[in-house]
Amino acid sequence: MATLNKLSFLILLIIHQSFGLNIDGIILLSFKSNILNDPLHVLDTWSYSDVTPCSWNGVVCENFTNDPEARVTRLSLANSGLTGSLPANMGLIQHMKEINLSNNFINGSIPLSLYTAPELESIDVSNNLISGEIFGFVGGWKSLRYLNVSNNLLTGKLPQNLALLANLTVVSLKGNYFYGEIANGFSTVQILDISSNLINGSLPKDFGSDKLTYFNVSHNNVSGEITPEFANKLPTNATIDLSFNNLTGAVPESSVYFNQDEAMFMGNMQLCGRPLKNLCVVPSSISNPPNVSSDATPYPPAIAGIPETLPSSSSNGSKKSKFKTSTIVGIVVGDIVGVAVLAMIFIFILKRRQRGVTSNGQSTEKDSSKEFDWGCLMKRRSSEGEEQLSETSSSGSDETEMAEMAKSKFGSTRKEVEKKGLVTVDGGEKELELETLLKASAYILGATGSSIIYKAVLEDGTALAVRRIGESGLERFRDFENQVRVIAKLVHPNLVRVRGFYWGVDEKLVIYDYVPYGSLADARYRKVGSSPCPLPWEVRLKIAKGTARGLLYIHEKKQVHGNLKPSNILLGSDMEPKIGDFGLERLVVGNQSCKVGGSTRNFGSMRSTASRDSFVDIVIGSNLSPSPSAMGCVSPYYAPESLRSIKPNPKWDVYSYGVVLLELLTGKVIVSDEFGPAGMTWSSTLTVDEKKKVLRMVDVAIRGNMEGKEDALLALLRVAYNCISPVPQKRPHMKEVLHALDKFPSTTFSYY
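If you want our numbering, it's the position in the sequence shown, counting the first as 1, plus 110.
No wet-lab data here; the hints were simulated from the structure. Hints are supplied without guarantee of correctness; some may be wrong.
Listed below are the simulated BS3-like cross-link pairs for lysine-lysine, each with C-alpha atoms no more than 30 Å apart in a straight line [as the list claims (entries may be wrong)]:
1) Lys-778 - Lys-803
2) Lys-778 - Lys-840
3) Lys-757 - Lys-840
Bear in mind that the values here come from a model prediction, so they are computed numbers and not experimental data.
Please build the complete structure, drawing on both the sequences and the hints.
This is the structure we're talking about:
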């Protein structure tokens, strides 16, 4: 590497003799030449005609006593939207102290020359697309104090000698793909964040110092016990986040752990003891549980022992023992009687319910107890950050009013429909009952103004997605039932299957198959808290084809989806798309023209503006629409004419599909444009410049894989822009779209 640096220096020296610009400026211009896209024009002032780079945007210089001219010491171009890579000679700027290129689209690897920059004190390249490894010779960073490479695509073994850097105080490696064990040391570090990686092994025993105030190793694969030696050197007020690993055993009795919030230890299923609520199991009756002081009152034995013989010398002791025996006998008899009474009550209720319905399904018990109602489920915040549900029985006195409601489709009153409970419409062999659903463990996955989406896990482990729709007019039951039954008849590999529905007093439920891999809107997040991982081209093509097949099937059945967007395209096994939220949108929100609810989550290389801690929209029916665009407050996925027309049209879906397809290709949400990009020619033959222009339109995350395929890309872009034509008659039929996509062969791949 030293030979390479010397060679680069000699080349720069020759260039320096040819131009007036100093060596620092020439190196910076090599960085500019590596930038493929500068949307904010932050590098426009950088030019060979300048004598010094000190006046350039983002460049800071200082004067040195032994140098006649000012030298570059800082480069700060954060949040500039730059796309490109770092040049190999980036670390040859002699007096460079700080580099801040965070929140851009820098790809490639960290150049080797940066590892030996002698005066480098701060590196921040967080939130980019940098890949490769951080090599073991980071020991050259002798002056480094601040290192932030979080939320990139870095891989390889966790650099062990980072812990030996004498001046390092802040380190953030979170959101990458580092593996290996955590090194001992880090004696000078104050903040260390290595969360959301693939780190394994156990916690080190000789770790940190009294300077460490924050340590985060959450969302990794760290295993083993938390040894008392691990936090021996840490101050009691330090924050330690060990959540979502594979740690086992008891949390050691130490003030540094007792001062932590319970959430810092969550996600370790076999971990117990304070500050967790689940105390460790007591091994025997004579020992104290962990984290309970020895002077506390010990736990009594589970079963009191009764001695067979008593000393004859003490009459008082005999009386006391007799009283003790009689007390225990009384308690046992009382327990038996209590259990028998409860059993009788249970049998009585069970038989009464069985007699409550005759063979023809009509109710015969006027005073039978009311069924549980999903509307009475109350939310409670769980300790894992999700929202769980607690069940309560329904109450109210509106049975008379309900009985007067209109007859349902199958000839029952509204009251009788409620007593029937859950209605299954999928024709499956397994019967699904309302009580079974209410007993399921439920977790909130998403929430909007009109509905809440739960994941319900039945006792047998079956997972379902349940969409709970809020209060609505009772007179619309027939429309609701008819629509659900129509949807349930549409069975296709690229559609989410409907299992059933329930109509309650205050809300409606629709039960779907649960799709575990989330939505297209969130596909770039591999796991909670992890770094962005843009979808490969093969995956995008598969999603585009599958979505087109699903829409074509809907249109062939004379139906319209009407609400296609990335959050409604769910991803099943091997990233096969399944379209959800079909057919119920108009019943839920009516004909509202403004449907805003959240910010865009792009699945390409463009960063999301939504909070990473917000609800993950991974089930059917979320109304999280993208941010307002040129179309006002309406989602850019809606066709323009849908705002003026009440009757749905298949061309609406074609428009929405075109926006999604363009987002798959470019990584950006593009609104209606009849002619496509300015100056773009749609001819089948492209010049060299036109091919470069097509390639620049493609998402930077897949641009490297698309070189040499410009003609095919042009054909796809043509199809996408035809789909978003503002004139509905000019949009193609979904059969034409699918025919165009099928010309591109699919490739076998594995994303997860």
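Comparing the hints with the structure gives:
1. Lys-778 - Lys-803: 16 Å, holds
2. Lys-778 - Lys-840: Holds, at about 23 Å.
3. Lys-757 - Lys-840: Judged against 30 Å, a Cα distance of about 19 Å means the pair holds.
When the structure is compared with the earlier hints, no violation turns up for any of them.
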